[in-house]
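The sequence shown begins at 1 in the numbering used here and counts up by one.
Careful: at least some of the hints might be erroneous.
[As the list claims (entries may be wrong)] Okay, derived cross-link-like pairs now, SDA-like style, lysine to any residue, Cα gap no bigger than 20 Å in a straight line:
#1 369 / 478
#2 369 / 439
#3 549 / 530
#4 171 / 151
The set of hints was computed from the structure by calculation and includes no laboratory data.
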Amino acid sequence: MEWIADWLFIIPLAPLVAAAVNFLLGRWWIRDRAHWIAVPAVGISFLASIPAFLAVARQHGPLTQHLYTWIPAGDFQVPVTLYVDQLTAVMLLVVTGVSFLVHLYSVGYIDGDSGYHRFFAYLPLFVFSMVMLVLASNFLVLFVFWEAVGLCSYLLIGFWFRRRSAADAAKKAFIVNRIGDFGFGIGVMLLFVTLGTLNYAEVFERVETLSAGTVTAIALLLFTGAVGKSAQVPLFVWLPDAMEGPTPVSALIHAATMVTAGIFMVARTHPIFVASPTAMLVVAIVGAITAFIAATIAVTQYDIKRVVAYSTVSQLGYMAIALGAGAWIAAIFHLFTHAFFKALLFLGSGSVMHGLHDELDMRRMGGLKRYMPLTYWTFLIGAAANAGILPLAGFWSKDEIIVGAWVAGYPVIALIALAAAFFTSLYMFRAVFMTFHGEERFDRAHLHPHDPPWTMSVPLVVLAAGAALAGFVGVPPEQGWFHHLLEPVFEGTAHHEVSPVTTLAFGAISTVIALAGLYAAAAAYVLGAISPAAVAERLGPLYRLAYNKWYFDDIYQRLIVEPARGFATFLWRQIDVGIIDAAVNGAASLVVWTSQLWRRAQTGLVANYVLAIALGTVIIVGAYLVAGSNLFR
Numbered sequence: 001m002e003w004i005a006d007w008l009f010i011i012p013l014a015p016l017v018a019a020a021v022n023f024l025l026g027r028w029w030i031r032d033r034a035h036w037i038a039v040p041a042v043g044i045s046f047l048a049s050i051p052a053f054l055a056v057a058r059q060h061g062p063l064t065q066h067l068y069t070w071i072p073a074g075d076f077q078v079p080v081t082l083y084v085d086q087l088t089a090v091m092l093l094v095v096t097g098v099s100f101l102v103h104l105y106s107v108g109y110i111d112g113d114s115g116y117h118r119f120f121a122y123l124p125l126f127v128f129s130m131v132m133l134v135l136a137s138n139f140l141v142l143f144v145f146w147e148a149v150g151l152c153s154y155l156l157i158g159f160w161f162r163r164r165s166a167a168d169a170a171k172k173a174f175i176v177n178r179i180g181d182f183g184f185g186i187g188v189m190l191l192f193v194t195l196g197t198l199n200y201a202e203v204f205e206r207v208e209t210l211s212a213g214t215v216t217a218i219a220l221l222l223f224t225g226a227v228g229k230s231a232q233v234p235l236f237v238w239l240p241d242a243m244e245g246p247t248p249v250s251a252l253i254h255a256a257t258m259v260t261a262g263i264f265m266v267a268r269t270h271p272i273f274v275a276s277p278t279a280m281l282v283v284a285i286v287g288a289i290t291a292f293i294a295a296t297i298a299v300t301q302y303d304i305k306r307v308v309a310y311s312t313v314s315q316l317g318y319m320a321i322a323l324g325a326g327a328w329i330a331a332i333f334h335l336f337t338h339a340f341f342k343a344l345l346f347l348g349s350g351s352v353m354h355g356l357h358d359e360l361d362m363r364r365m366g367g368l369k370r371y372m373p374l375t376y377w378t379f380l381i382g383a384a385a386n387a388g389i390l391p392l393a394g395f396w397s398k399d400e401i402i403v404g405a406w407v408a409g410y411p412v413i414a415l416i417a418l419a420a421a422f423f424t425s426l427y428m429f430r431a432v433f434m435t436f437h438g439e440e441r442f443d444r445a446h447l448h449p450h451d452p453p454w455t456m457s458v459p460l461v462v463l464a465a466g467a468a469l470a471g472f473v474g475v476p477p478e479q480g481w482f483h484h485l486l487e488p489v490f491e492g493t494a495h496h497e498v499s500p501v502t503t504l505a506f507g508a509i510s511t512v513i514a515l516a517g518l519y520a521a522a523a524a525y526v527l528g529a530i531s532p533a534a535v536a537e538r539l540g541p542l543y544r545l546a547y548n549k550w551y552f553d554d555i556y557q558r559l560i561v562e563p564a565r566g567f568a569t570f571l572w573r574q575i576d577v578g579i580i581d582a583a584v585n586g587a588a589s590l591v592v593w594t595s596q597l598w599r600r601a602q603t604g605l606v607a608n609y610v611l612a613i614a615l616g617t618v619i620i621v622g623a624y625l626v627a628g629s630n631l632f633r
């Protein structure tokens, strides 16, 4: 036990060293061999996480390793201590395991890119930041690496920075997340002001001393950070645009790192949220709205990566529903299963792009099943898991969330989640059928689709196995091995008993809804029994609402971006140019004018100089005489 704790530092150190080496030496020496360092380093991090997981899974208690004291200021101490309990251990396996597969996949995907070494410097840095966020034992270290994760996302989304769309998407992600992070930062400061500490254990012990209003304010401020990082309404707009980055980056952000940070943070700080029923209700409502809105948007999109991106937003909404309903283990269970099938869907999309020379529009695909069988079957497993088809991973975790909302006394939220489940199945199988079935709509004269090389295929197969089997760790519902593993973390929180009848009833309802979505997609895109264009025309404004992403981007553009840009233009023209530059330029012009005036006195004629001297002498003598007279006394 002790030796495991003594070696915890290896988990974050390995990816950090890889990032530093590739960043410092990649351009001149390592170049296209950067993956030789990055891939093994993340693999080492994953392997080092396994004994830590096994140790805490055997109920030996949390592991801690004190590295150093960052801020020693009298009674205020900020130690950098690595902390591993059951929740941390699960997150470490998810982050490092999925990240290793994404790194391996990237070897084939990024091959030949001019920024190869830079990519394999940013990617392990991202992993290091997320690992440290998970391992933090206090709010200040959490906040530092919370921001580091945001920085890494900016670097990776804007990896192809010469493309205007990628640069804009990176800035959008950075700015939108700063809005949420502002609230999160205030929440952390309010914690320190009211409780005098930022250490997790001490904060959770003292939460009961806070007034109801104060704890609600702190919880909502912390949740603001999660709204940004985990792409909840209204700050979800950055995540679909993040598709401008390389596909492995999308997989890493959506499955293992950035977007899971907000869900993890709320779960980690659950004693604060449990103390505020108001905050819990807000979390559940925001999650339900997010799950439904994102699912309806995904149904109308044609870009395969954006369909999967909005799917991520919707699934994060489900996790938020679970958090708000107090179904803490269900939220982490869905985070766990989601990591497999969402990484699989993104990497599968990347495989399709790889075979079609970066084509993204599903209307220009079709019939790829015969050319890319491995990609097809793995993508199908991921889509079915995401849709909640029994017995794949997504069914078990998503159904548990819906049941959790129902028994927590949120029937409306449970019904919204069921409605979102129908759209989830519809858009997932719509993507499968449009991409892999039907007639071939791509240019067969110039495109020759094919399955990817082994470095890209192996991660697909491994993730497909996870998407199919990972859900069984939570079976039977509410009583599975996964639940017993995490019970010590969430002990003391209210637990709603769920009858077997309720579980079976919702399982049956969820299955019928998922199959209904599958049938609707097949009827529209395989059987031809339904015309998607006719449905869109009949729905009219509702379809346009979803297709235009509920106008969130347009509203922000009109109400925030354009006024801010206009105000900035005013400040530039009137203040910067009109006053500041005018003052500086005016002073310079005055000096020039004065120098030109004096230059005219320099005629080069001796007679003029003698005259000037004589006049000066007369003036001086006259002034002296006047001053010495009684005239002014």
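For this session: Verify the proposed pairing of residue 369 with residue 439, using a straight-line Cα cut of 20 Å.
Result: Given that 20 Å is the threshold and the Cα spacing comes to 11 Å, the pair holds.
Problem set entry | residue 369 paired with residue 478 [C-alpha distance capped at 20 Å] | Status violated; Cα separation ~38 Å.
Exercise. Is residue 549 close enough to residue 530, meaning Cα to Cα at most 20 Å?
Worked result: With a Cα-Cα distance of about 23 Å, the restraint between residue 549 and residue 530 is violated, given a limit of 20 Å.
Problem set entry | Hinted pair residue 171 and residue 151, Cα distance within 20 Å | holds, 10 Å
In this structure, the earlier hints numbered 1 and 3 are contradicted, and the remaining ones agree with it.
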